[in-house]
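*Asks:* Residue numbers (my numbering), protein chains in the order written: chain A, 1 to 308; chain B, 1 to 233; chain C, 1 to 292.
Calculated from the structure, these hints are not laboratory results. Cβ coordinates follow ideal geometry from the N, Cα and C atoms, glycine included. Errors might be hidden in some of the hints.
To give a feel for the contact side, a few chain C residues facing chain A, derived at Cβ under 7 Å [said to hold, decoys possible]:
1. L102
2. L103
3. L104
4. I224
5. L280
Now the in silico label distances, taken between C-beta atoms and shown as ranges [stated by the list, open to error]:
6. A:V102 - C:M9: 33 to 39 Å
7. B:R66 - A:P84: 47 to 53 Å
8. C:P97 - A:V8: 30 to 36 Å
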Amino acid sequence: MTRVGAAVAVLLVVLAALAAYPLVGTGYGVRAMLQLFMWIALAASWNLISGLTGYVSFGHVAFFGAGAYATGILVSTAGWPWPPAALAGGVAGAALAFLIGVPCLRLKGPYFAIAMLGLNEVLRALISYFEGLTGGGNGLSLPTLQATTPVYYAMGLTALLVVALTHAVITSRFGLRLMTIREDEVAAEAMGIDTFRHKLYAFLLSAVGPGIVGGLAARDQGYIEPMSVFPLATTITMIVMVLFGGKGTVWGPVLGAVVLFVFQEAVWARFIYLHQLLFGAIIVAVVLLMPRGVLGLLQMRYRLPRTI
Amino acid sequence: MPLLEIARVRKHFGGVTAVNDVSLALEPGRIYGLIGPNGSGKTTLFNCITGLERPDAGTIVFDGQRIDGRKPNRIARRGIGRTFQVIRVFPELTALENLVVVTRGARAEAEARAVELLRLVKLERLAGEFAGNLSYGQQKLVEFVRVLMPDPSLILLDEPAAGVNRTLLNDLLQAVARLRDRGKTVLLVEHDMKVVMGLCETVFVLDHGDKIAEGPPGAIQSDERVIEAYFGR
Amino acid sequence: MAVALTPAMLGQVVVSGLLAGALYAMVALGLALIFGVMRVINIAHGPMLMLGAYTTWLLFDRFGMNPYLTLPVSAAAMFVLGALLQRTLVFRVVDAPELSSLLLTFGVSIALVNVAQLLFTSDLRSVEFLTGSIALGPIAISKSRAIACAFAAAITGLAFLFLQHTKLGKAIRATSQSREVALVCGIDVQRIHLIAFGLASALAACGGTLVAVMVAIQPEMGQIWTFKSFLVIVLGGAGNYPGALLGGLLLGLVEQLASLFLTTQLSEAVAYVLLVLALLVRPSGLLGGRQT
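Working from the sequences, and respecting the hints, build out all of it.
*Replies:* Right, here's the structure in full:
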C-alpha cells in the first residue's frame, strides 16, 4: 500500500471509530468529543485566514457569537429546527466577515488585526442593546431539546468539512496565492495577484465554520448570553492551538486542538487561574522559538508535502 | 506606436522630489537602460509604472491605455512584469510554486511551462525546494523566470546583475537578449555599466529625479551632464 | 431619538470631549512612539495602562498616598517594565514579519492581564479621591476629569518638548524617519528602541493613574485602550506625532457627541464605526502610506 493509501486508511478507521463512539461512549465522553470537534473546527477556521495570509484575526470569536445568536433567535423566535438554523449561523458569520473585511482588508498592515480586536467589545455592547430581539444581557433561552448525539454528529461533520476545505485550499493555486500574501504582499500584487479579493475570500471562508459551530454550541447549551458567546478566551485558545500545531498547515490546527484540549481537560483544569498566563507564555514561546509550530517544523526538517 | 509612454510624471515624498517631470517612450522589441546615481529616482519610476506608487502628476500609457494610478495587480495583468532590487521571491513556496502561483488557466499547463522556465536557468532539479533555501543567485533566477511566467510584453528588471556571478550573469543577459528577439520590451535599471552598454539600445539617465539624457550608450558615455552627475561638479 | 440640541448641551459635549481627548492623545502618543520607532503595534499597550492604574490603586489603598502623587511611581514602574519587555522579548521580532510582533505582544498582553487577575483578583477596585464636579454656568465638569486633562496636557506637552528639543528626542525622531539614516548618524538604535518602549509604557501608565481616579479598575480594562489608541493614530494620520493629538481630541469629541443620542452601550460602538469610516474615507492613513 502506498503511503497516501495508508494515511487514508488510518483516517477512515479514525472516522469510523468516531462515528460509532456515541453508541458506546458515556455522556461525559460524548460531550468532551463534541467540544474537541468544536475546537478543531474553530482552530482550522482561524488558520484559513491567519495561518495562510498572515492577517491575524484577534476577534474570531465574533463569528462564533454571531452564529450562536443567529441560530438562537431563529430557533427560539422563528421556530426553525436547529440544523438549518445552525447553517444560517454560518451565513451570519460570513455576512459579518464581509462587513468587516471590505473596509479593513483593503489596507496592509495591522489595521485588520486591531479592528478584529475591537470587534468583540462592540458586538457585546450591541447585543445587550438589542435586548428585545436577543434577550440582551439576560441571555436567550432555546426550547428544551435532548439533542446531544445529533449535535455530536453535526459538530464532527463541521470539523471534518473545515479540515477538508483547508486541504482543498492548501493544495490549490488559490491557497498558494493566499500564502504569497503572507510571504510578500507587495510582490504578490506586482505579480498580478488581486490580494484584496483573495484576503476577503479567505476571511469569508474562515467565518463560516465558526458561525455554524456557534449555532451548534448554542443548541447544545440551550442558553446563550453575550459574555458566554463572545469571550476573548475562545479566540486566544484558537490562536494557541494553531500556533502550537503549525499555522498554514492542514493538520497543524487539528494536532494543536487535540493536544491542547487534552491538556486542558487533564492537567490545566486544576490550574484554571493560570490558564491565560500559560497561553500567553505559549504564544510568546512559539513565536520566538518555533514560529512554524510542531508540524511546520517537521515539514521543513523532513521535507514533508504540504498536505501534512 | 510606443508600447509604454510616460509623460511628465512627477512624484514627491514629503519635501523630496523623487521623480520630476520625467517623460520617456519605449518602442516594442527593444532593450532600454535606466541609469543614474543612487537616489536619482529609478526605483520610484519603476514603482510608478507598476502601480506601487501613484504619481502626483503626469500620465503613463501602456499599450494604448492609461495605467497611472491603477492597482498593481491590474497593471501586471495588462502585461507588465518586474523584478525587485532586493529579491522578493516567496520564501515558503517552492521554486516551482513561485512560478505556478502567478498563472491562471489549466494547472498542468502552468506546471509544464514552469518546469521549462526553470530548466532555462538550470534550476529544474531544485523545483521542489523552498525558495527561501536557495542561494542568492538562484533566488534571483527564480525571480527572473517568475516574471516571464505570465508572458508579459514589457519587463522591468531592477539591477539584474547585482550580486550575480559572471557565468550566471552571462546566462541572464543571453536570456534577456532572447526575450527581445521574441518581441519583448525590456527596461532595466543597472549599475554595471558594462551590462548597460553591451545590452541596451537606448539609455535614459536620471539625476535627482530629472531625466538629464537619453540616447545610445556611446553618446551617453560622453555626455557632459551625465559625467557631471556621476562624478560631481 | 429626537433630542433638541441646546447651546449648553453642545458646550458640555465640547468640554467633556476635549477633557477625554487629552487623555486619549497622551496614551495614543505612546503607541505611536513604539510604532514610529520600531514598526511594532504593541497590543500590550492597554494592559500597561491597566497595570499603571493598579499601581496607583495599590499605593492609595495601602499607603493612603494622594493618587496624583503616585504618577511618577507608576510611570517609572511601567518605564522599567516596558524597557524590560523590549530588552527580553520584543527586540527579537522588530524586523520579523508583522504577524510575529502582533502575536508576541498579544501573548504578552494576555499574560499581563492574567498576572493582574492573580495579584489583584477580578474584583472592581476604585480610587475614591476626588468626586463631584464644578459647575461652569450650565456646564458641569467632573473634577477628576478636569485634573486628568490638565495632567495629560502637561505630560503630552513635556513629551513633545522632549522630542523636539533634546538630543535624545531628536534621535528618537530620526530613528522613526529612517533606521538606516539613524545608524549612519551614529545613533545607537537598540538603545533608542529601549527608551522609546519605556517612554511609551510610562505614557500608558500615566493614563492608568489618571483613569484610576475616574473609573473602576479591573484587569480587562486595558484592551479597549489599545484599540482606541490605535484608532487615534489612524485618525491623526500620516504617522506624525502631532497627529496623535488631533486624533485624540477628535475621538473624545465624537464619543461625547454620540453619547447625547445613544445609550452608553451603543456609544461604545461609536469608536468602532469611526475606525471603519476612517479606513474607508482615508485609506492611506498612517500605515498604508508607508513604503514597503
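*Asks:* Are the hints correct? Go through all of them and say.
*Replies:* A quick look at each hint next to the structure:
1. L102: holds (5 Å)
2. L103: holds (5 Å)
3. L104: holds (5 Å)
4. I224: Constraint on I224 (chain C) satisfied, holds at 6 Å.
5. L280: holds (5 Å)
6. A:V102 - C:M9: 33 to 39 Å: Holds, since V102 (chain A) and M9 (chain C) (Cβ atoms, about 35 Å apart) stay within the stated range.
7. B:R66 - A:P84: 47 to 53 Å: holds (50 Å)
8. C:P97 - A:V8: 30 to 36 Å: Hint holds: Cβ distance 35 Å, inside 30 to 36 Å.
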